[in-house]
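Below, each chain spelled out in residue letters.
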Amino acid sequence: MTSMKDTWKELEKELPQRKIQTLKENTKGMKAAEKRKFLEEKLEEYRKSKVEPGEPVGLLAAQAVGERATQMVLRTFHIAGLTGELSVPQGMPRLKELLEVRHQPKMETCKIQIKKELNGNKEKVKEIARDMEEVTLEEVADVQEDFNEKRIIINFNEKKMKKQNLKPEEVAAKIKDKLRKKPEKVEDDQAIFKPKASTLKSLRRYTQKAKTARVKGIKGIKRATIVERKQGNKKTYEIHTDGTNLRNILKLPEVNSKETYSNSIREVQGVLGIEAARKVLHLEIQENLKAQNITINDRHIMLISDAMTRKGELNAIGRHGISGEKESVLANASFETQMRHLLTAAQKGETDPLKGVAERMIVGEVIPVGTGSVELRMSNQKQKKK
Amino acid sequence: MNEGSVYLNGSLIGSHKNLDTLAKEIREKRRRGELPETLTVRKKEDEVLVNTDTGRALRPLIIIEKGKSKLTEEHKNKIEKEEITFKDLIKDGIVEYLDAEEEEDAYIAMKEEEITKEHTHLEIHPSLAFGTCSSVNPYPEYNMSQRLEMSDSMLKQALGLYATNYNVRMDTESYLMQYPQKPLTRTKYNKILGLDKKPAGQNFTIAVMSYIGYNIDDAIVLNKGSIQRALGRSIYYRGYSSQERRYPAGQKDRFEVPSEKIVGYRGEEAYKNLDENGIIEPETQVDSRDVLISKTSPPRFLEEISELSAIEEKRKENSTTVKANCEGKVDWVLMTEGEDGNKIIKVRTRNTMEPIIGDKFSARHGQKGIVGLIVEEEDMPWTESGVVPDMIFNPHAVPSRMTAGFLLEAIAGKKTSFSGKKTNATAFEGEDRESLKKKLEEYGFKPNGKEVMYDGRTGRRIEAQIFTGIVYYQKLYHLASQKLHARARGPLQILTRQPTEGKSRGGGQKFGSMERDCLIGHGASMLLKERLLKESDETIELICEECGTIAVNNKIRGEMYCEACGSKNIHPVKMSYGFKLLINELKALGIQTELKLEDKM
Ligand SMILES: [Zn+2]
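For the protein sequence lines, the chains are A and B, in the order given.
All residue numbers for the first sequence refer to my numbering, where the first residue is 1 and numbers rise by one.
All residue numbers for the second sequence refer to my numbering, where the first residue is 1 and numbers rise by one.
So that you can see chain B by itself, here it is in the shape it has in the complex:
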């Protein structure tokens, strides 16, 4: 007999004479399906905790009864034949969910062979300790958890077949890898998750060595020959859409090549690729800011209709143009109708992206790198048998990160390329190192994966033996060509007249407060003035000496005067437009500022 209190979701709800039977009964009811499957029970010394609330991580385990797993061969066969599903197993009380709290009461066997009488649960598979993303990684148990986590987040950035119907989709932006491959070294989950049907990466032949400093600090060196054979090639699609909208008073947008009279006419040159409807032809090469769909819109405000003159509409140019850095070929032009009967035209451009210096690649072990150099095939090192690697990987990237899985994958990949059978690298059951070594030896390689290599530039044998293998690499969507940006002159913000910010607005590099402090610290006052004023928002304002307000210049009459006091004692003063704006804003607050002028010398 053990009496004690009972808690439901952390609050005391009562007491019970026999806690053991209570916990047991609740558990049995849950297994019978009388209580929800997400309810968990924990029996402590003198209390029973029942939890049904949200936010508990639950995991499924097979129930063991009387030293025997409830999951029998019969079940397994039925699952394989797809007669029953996982949900049926839970319904039948063969598998149940435990949370961290109830796990304390459980004694879980890792494998079926280990089961003793004390065991209460059996793991479905040890590799279930990993999440969805981690389970896709080969040999995850050999890697550090932080590296796995990085690899998981990069898996999501990999370019691949993002959808099987990509050809008929009109996404605003989409990337597509060409010739994606299934990984040679793989886990069970590749198939289960359907990644075999939509792979996101390619098997790269790598050599682990340095290459005249161009793969320093995680950089990688790529083989130009491989790139020309479409290694790491992807397509960038960009969709544009334009609609013939209706306005009140019967006005309408029109798809048409605008006439010269229309406000915002871009010149004949801009419309040269369009047909008579103002729509671009497929397979036309377009550049940034080229017109794709030309459209004219009615004026925003209706003008007063005078009785004498005929109504002359002043239409505006309202074309859709190619965004900056999105040049390419027009891939697809679509004409359709919206819900409200408006004509819609969609255009998709395509641009093939070969790997260039600065593109990001990653193996599935958190080993990401940037392309540091693309080398002519003849300058790449080759092995005794004439194999030229696709990529040169820096050996320093491995020891400090402790990604042993990367090395194992390389060996496994090498083995696979000869055996023709994919290597299983699922966590805790993958093909082990000894077996890989043995197989490599059978194929006539050194068991440690090293090979004699020759320098492509000199033709000489490289003194050290080079570790080579095949590793599955992903191209990540951080592409250098989409990030490249520079500005010499460019647009200004309307309000402050300072340069705009951000790549999409053609902005400048920010000169922030810390950079400013640095210049002050060095006493470089003149340079600071140039940065903050000359290259930003310098203006000349007319100031009235009498009352210190901003004066006006009447260019028609050729006179400068103060609107506040009428004085003609006006002086031009250099200042930042930001300060002038401040004065105006203070005025809006009801604060009058007065600038006192003084001679500089």
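So here's chain A without its partners, still in its complex pose:
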């Protein structure tokens, strides 16, 4: 009978440290015999769940997701009418967005966590959310053109200004920046600008500029709502936004920057780096599939998000992404835009080593997968021994 210590040592040869740690925690208080049996079972399970050499994991991941995704086109659950929460595109459209790493996803949102000392204070959180929202001049004032005098008259809506906690001077200053012109007059209920507009057309352009000028908030945040979370008896509040601007949100002093989350992969990559983007991609795909009641082994999703981020930048699945950038000329040429690939390969005088699946299939060779991933070779030494 080996001692428990030896058993652990034996396990350490095969299992990663993290697994050992959880096993140690979970087997606390077990009797030796029981513990040994349990560990043996776990080791067997671990061995079974390992991918065998030569397994075409990429293809399996593609099939696993693809098969379920075809069903998703047919039925998409719409989660509508949930108060407070913002609805993100669901199902197939969102999955496509994620895998293609679109530049402008339909609904970018940020889940902002507030620092611990403030997150129980509903009023304070509400205030933070309000200050975050982008407000344009149009929303707080009535903008009119005076064609005779060629000026822009801004009539402030007192009620709305008060609600947004805005002062006419502040607003006028923001408009000044936008129009690059000092105001003619600023009063409590009115501000008048006279831009350098010679024609009515250019005046209209200036008016349009003024109307859409941001007078308050963070750029890109169209809406910010607070969401209640219950933790036991304690109520905490977080902010969900429509539109993101992670870089500026994280700068806010009230924000818990460690736990704030954005669903925009490109933005996360820009602000936090590729590893964070990988994690967000993984979480978003997982979340999306879960919402559709689709269960796919997480490892497939991990593989996909790994493949999409392995070059240190985001690569879409598809023609312009990882599918179009294989090392083999033949494999690339067999996947859309054939002529371009063949001609550039010819120009550069490229060599195809015929290592991948697609190119070997074209040539008529055994593919390096499964039973084809092993080769028989004659050993010269053994023959000599005989």
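Fair warning: there could be bad hints in the mix.
Partial list, computed: chain B residues near chain A (C-beta under 8 Å) [as the list claims (entries may be wrong)]:
{"no.": "1", "residue": "G523"}
{"no.": "2", "residue": "P572"}
{"no.": "3", "residue": "K574"}
{"no.": "4", "residue": "S576"}
What the hints contain is simulated information worked out from the structure, not anything from laboratory work.
For clarity, every value in this text was computed on a predicted model and none was experimentally measured.
We put the beta carbon where it would ideally sit given N, CA and C, even for glycine.
Since chain A is already given, all that's left is putting chain B with the ligand on it; use the hints.
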């Protein structure tokens, strides 16, 4: 006074002081025939829409004036005597067409009795809500719309008397049902549409029960005795045509039995059924690829005429043969002349098609099925009175499809077979269930259509009572014998040397990209190679080791050499012909490929 704008085909054309009178006036003018009958008017709150464009579905309705239908008894009598037609009714302003837009302004009565003062229009008949095909179906109002639609599309595939002059027609392909019957349960439209003269189906006696699993999932079981009595029997005609064409330089095709010297001679055996003119005799049994009309054509290119030797024409064999799966008897041989005076010979073959396993049948309720088994008559169940059904229909096919009309038709058919009077099953006016039940009871049956039956195989009474009836069934032209196809070896495409595709070319079963992915997913590399290479386009090409191009083998001199560099360091390499073709095509693009050879071990 109500002022507003006037739109013509969606675009604003002006305004009017009194929209009500405008709409009224336009309507009256249309009824008088001063405006086209397809013009429609809609009066909204402050606008009048006039539509004359295409793409609007119009339907006819009888006009009601002052609470009275404009269609009087007098009109009805005249129509019956065929003194006036429907067109006259429109001309006289008795019937008018409305589109969906104008219908919003109308208040339509369904029946004449319902008319009140507010009504503006009267339906001609409620069953007009259905289209041409649906109206032919019995009891359509009892079925789900999707099922009706299916039934409509299958009606078009039914075999029947496709033309009354079928006997003197030379169609390339035609099907003809033998002994077609008028349906027992029918609608008014059967007669109106002339379907009674050219029926497409037969009345089948059915028993709704399972039969040892052979009618699972919409399959049907047929009685062999019934088939031998020509149930569901059809003829397949296939026409062939050949012409004695004239060519430039006075050359001509010739109908003749070719001599042995002619290019493409098929051997004596192939021409044994032909007469001296090279034409087959009627009533000869022919098989696939047998010669029907033998013809020789002049060579495509004229050879240079040398002065010394006599001109020896090298004619080609150009016969017309029976297509695959079209064997049968020669039915009719026709000799005629084309417009330009060329001799034309047409041959029609005929093949009788008895129902076989895999043939498709359908009732008129979207209840289609495939023959799953043909049972000896003695093994079929029989009823107390000794009736053996023609078909056994699976009860599971009804509840989920909700085709109540099917069951009603069965009962109605049973009633009809005893009363001898055809049952009217037109939508919204067909004989109702209660009446059918009562009549059945009068004839000594259970009102619900069920009967005690005995199992033909054991002779024992079947514990459950079986619902039986007579249903009109159509034989659809998807016949198993015309679809059957298999290939072990066969023709290859010339360009790619891969097996051909499609039944008509003797092709193989496609091993598509998804099947391929499946093999990759299982890691079955060797099987994959066999599928994609061994059983497809494997070739051995000679490759020059020096420059990597494809080399040649001069068999006469017995040497292999590279044409590009002259090297004799040549190796045979196994590859797919598709890849070799790719290399050639790249060459045509101006891209030189170089294959680097390496030892496998
Ligand atoms: Zn060479």
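Are there hints from earlier that the structure breaks, and if so, what are their numbers?
Violated hint (a single one): 2; every other hint is consistent with the structure.
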